[in-house]
Amino acid sequence: MKLSEAEKGKRYRICSLKFPPHMKRKLLELGLFPGQEIEIVQDAPFGGPVKIKVKDYCLALRRSEAENIEIEEKNGR
Amino acid sequence: MADKIIKVAVAGNPNTGKTTLINAIAGTNLHVGNWPGVTLEKKEARFKYRDYEIHLIDLPGTYSLSNDTAEEKIAVEFLIKEKPDVVIDVVDSTNLERNLYLTVQLLELEAPLVVALNMWDEAKSKGIDIDVEKLEKLLCIRAVPTSAVKEEGIKELLDAVVEIYERKEKPKCVLHFEDQIEEHIKGLIDKIKEVQPILLDLYPARYLALSLIEGNVFFIDISLNNEIQKYVQNVREEIEKLYHKDPVTFIVEERYSIIISIYEQVVKKHVVKSVDITFLLDKVFLHKLFGLPIFFLLMWILFEFTFELSSPYVDWLDETLSSFIAPLTAQLLSSLGASEWLQSFVSEGIIGGVGFVLVFVPVLFFLYVFMAFLEGSGYMARAAFLMDRFMSVLGLSGKSFIPMIIGFGCNVPAVYATRTLENPKEKILTVLMIPFMSCGARLTVYAFFVTIFFTQHKTAVIMSLYLLGIAVAVIVAFILQKVYFKSQSLPFILELPPYRLPTVRFILRNAWIKTRAFLYEAGTFILATSVVIWFLLHFPVGVKKTEDSVFGHISKAIAPVFEPLGFGNWQAAGALMSGFVAKEVVIATMGNIYAGEVIQETEEEKIDIKEKLVQMGTGFLQANVEAGKKLLSIFGIDLAGGEEEEEFEKTLLDTVKNAFTPLTAFSFLVFLLLYTPCMATVFAIKQELGSWKWAGISVVISFTSAWIVAFVVYHLGRLVF
Ligand SMILES: Nc1nc2c(ncn2[C@@H]2O[C@H](COP(=O)(O)OP(=O)(O)OP(=O)(O)O)[C@@H](O)[C@H]2O)c(=O)[nH]1
Ligand SMILES: [Mg+2]
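Each protein sequence line maps, in turn, to chains S and V.
Position 73 (the first sequence) corresponds to 73 in our numbering; numbering is contiguous.
Position 390 (the second sequence) corresponds to 390 in our numbering; numbering is contiguous.
Check each hint, because a few of them may be wrong.
Claimed, not checked - Covered stretches of chain S, going by a simulated chain V footprint (3 or more residues, C-beta under 8 Å):
1) 20-31
2) 36-43
3) 46-53
4) 58-67
In short, the hints are calculated from the structure, not lab data.
Even glycine gets a Cβ: it sits at the ideal position worked out from N, Cα and C.
From just these sequences and the hints, can you work out the full model?
Shown next, in the form of structure tokens:
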């Protein structure tokens, strides 16, 4: 499923990133690589950005960007 | 005996406290903020420590060294070309994992590293335990816990810097990737050694090899040997075949797998029973329903705070200059036997010009205080988060909203507020839109005209002008997007840092540095323009009427340009010309021109210095009281009393009434709204965008859109009425 469809407060794992190279590198370097645990904390009104938590920090991404991040539910915990 | 100079570069992720740390170390005033990417320029500090002279350079905050954003280019080029003796890598101890990514890349660059484990205080209170010694061993570096705001760990950090500087041999400590890829790296380095060894003199071997494999060669300025290119291509294909990943993903993951293993050995988290304040505050500030209203409330307070609180000081400065300093100098000069012409030049041209500069000081200072608070507290990133949805329609991001709001008060600080936009395209676009935000000074002209021509519809007319400004800004943004920026929308990745309470010292120091910069740099420009205008008004020497001055002649020459807009008389043209200096003087100029008065109106009254000094002092106290009252009234306690109606001279009202029709008056106001706001704004644009080119483009855009829109308004109006 897509990160944009994730339920708030639930934990997921990143499967893949579908971005042009430049943007993809940036996200990877920020720690959003496949296998990384990720969580949507909050979203902005009127379809604005989403606040996500990765590692020990929070990041805002646009919804259109969140659509390009494939995730899966984190099992076994 | 000359001290040894140690050149130290300070690198780190955005928002880790680099600037605060440099402040704590060197005690110099540098810009500090809580907004990722504040420091775009390189900033330096020099000081003595023990027997050494230390030169510190603040590098822009970056998450890595491999993208080719402006910040990363600056950082990489500095590290490679300037070869600092020591690099302090400031990391956020509460967020070590991501911060270590840059550290690992710095090690690939063979930078002599001292890691400052900053935010140590915060890490402790969050129950994060870091084994410093183990970290040092694993990375072959020195690491020192610091807390920049509390000025702790500074001495230890500097001792570590000296120790690394005096160290005789480099430690050989390579962070190994998987064996197979290590072989490829070694093979590639050997190949380079064989066919193009100069590369290895220029760039650190491992960083070079990895960059080639990753395909980011932005820092290499000589063309690569064909054989190397072929070799690199091979390695890349090999990686894809072996790991089914593109080389970039593969290498980033390799780095992170090293980091994760280090992180797990070094960091221990205790569960502490404490509330996550950031989490809770975000629940409120980013709330789906309340987030935006709270934001607008804060913006309203920002606006009131800046413009209401500063206005008593502006008035006081104005009063002091015009009724004390200026006449006093004139008197002094006349007693020295100076000609009337010279007296007028000094008191009107020079002191008047100084006045134009000084009136911005209180406004800017108050604005910067508030902005520093927004940045330092971390709220700025939230504002960007909330507004992004709306600004993205224009191809901008949420960060560009605040400067535009400020523009309604005054365009000058608004342009300076774009400092927080790190994407150059976004910054340019925002700066070009700001002049269309109708500022407070333009309101004085609207107020004058509506009392003459639109007594029934005052508010509607003024509102329509504000909205028209916004509409034109949006259209201009769209056109620029299509024509110049080719409409690619900006990626939006924004870190939401934890909320922090900035210290008063942090805020005041910050506000003062920026205000001072304005005084030094913009001051001279504004003064010069004002002197030029004065000369235009007073040449040829002895001229009695504005009409006969050079200013008058120029006005007559350009008047036909405004003919198609309905106000082709030289008086209107002259008023617009003076409006380029500052919109505040438009009405005064009109008074001069239309009333046909003589220019000099020197008051022959003797000035009692003592009495004036007392007036000046009490005036300042009163300004403080006024500001205090206004501060209260912002929060709903009204002590300031009602607004006083502006009074205009009867003769001026009558002449203007005869010179314009309601339609031409409106057309005039439209033009006044849209053309270049003032010379101070032009200079601010030059400063923020770093070249006169953009200032020029802004002026051209403003004039053309003003002319076109006023033309359309006038002719549509003629059809309708
Ligand atoms: N608690 C705590 N806060 C700190 C510490 N050091 C810095 N801060 C705060 O962190 C925020 C960011 O500090 P800056 O010095 O602007 O960070 P920077 O690394 O220069 O940021 P950029 O220039 O944007 O890359 C400010 O609000 C500081 O007050 C620290 O050691 N402890
Ligand atoms: Mg900084």
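Hints and how they fare:
1. 20-31: With 11 residues in contact (Cβ-Cβ under 8 Å with chain V), the coverage given for the stretch 20-31 of chain S holds.
2. 36-43: This one holds; 3 residues, not fewer than the three required, reach chain V with a Cβ under 8 Å.
3. 46-53: holds (count 5)
4. 58-67: holds (count 6)
The structure meets every hint from the earlier list without exception.
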